[in-house]
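Student: Sequential numbering of the sequence shown, starting at 417, is according to our numbering.
No lab work stands behind these hints: they were computed from the structure.
Among these hints, one or two may not hold up.
Unchecked claim - Distance condition first, Cα-Cα at most 30 Å in a straight line; then the derived DSS-like pairs of lysine-lysine:
| no. | residue 1 | residue 2 |
| --- | --- | --- |
| 1 | Lys486 | Lys612 |
| 2 | Lys593 | Lys541 |
| 3 | Lys604 | Lys593 |
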Amino acid sequence: MLTAGITTLFSLTCALAVANVYSAQPLLDSMAVSLKVSPGMIGSVVTATQAGYAIGLLFLVPLGDGLNRKYVVLTQLLLSVAALVVAGLSPNIAILLGAMLIVGLMAVVVQLMVAWVAILATPQKRGQAVGTLTSGIVSGILLSRFISGAIADIAGWRAVYLTAACLMLLIAGVVWKVMPSPPPQPQKPTYLSLLKSVFQLYLTEPQLRKRGILALLIFAAFSMLWTTMVMPLTALSLSHTQTGMFGLAGIAGVLAASRAGRWADQGWAQRTSGLALALLALSWL
């Protein structure tokens, strides 16, 4: 049974997990100075994190359909804690890149939790529940820039990752105590069959293909703006906090996500998607 408390915990966990993927963006200039590398090289931190995320989507997310979701989520959260500690203590760019690759890899816990909440929710409340998690995800993406910038101004960029490690450890403890364990599956599919099922779904579900392509294009547009923004802003002598505040411009997405879920439950999914895409296109003009 999906309660409001569990939905909130899911949403908070998603926010913290996805924040780790984006918190580096306002810190790149400080990282470059600290590790004595060029601006071009330090941009690889973002690339490594996103590469880890992409690998995780293909090879880790399917595990949620074959193993106990609670234990898979806990394992990913704890491995994320370890990777964040390594990132915060990294003495050189090579170790930092390796740690951020693992951070991105473990951040796909977000997808496991979205699928989990969709299973637990009733059909009448599924859109609203997924919308609540989407609000958490968008909040994590946007607020991570502002909060990481503020922490970096106070204690340096390394403190951002050490603080994130503490928060992830705390949320892992709460998940262990609160999250319900799903019932055991009568027959567990093999890992290879799970991987094959990902591609089979893509080939056999036209709606999934359409949504996947839309998500790819939307995320590409999103990343082109936010990943490259910090470098031109550096010339304005803005603090990390001020740079991160640009992320607050996306607060509208946080407010809209839950409402969009309710509209989807009411049968307006296509119109809601069309309106959102139109607004996105207009924002680039």
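Student: Broken hints, numbered, in rising order?
Tutor: none
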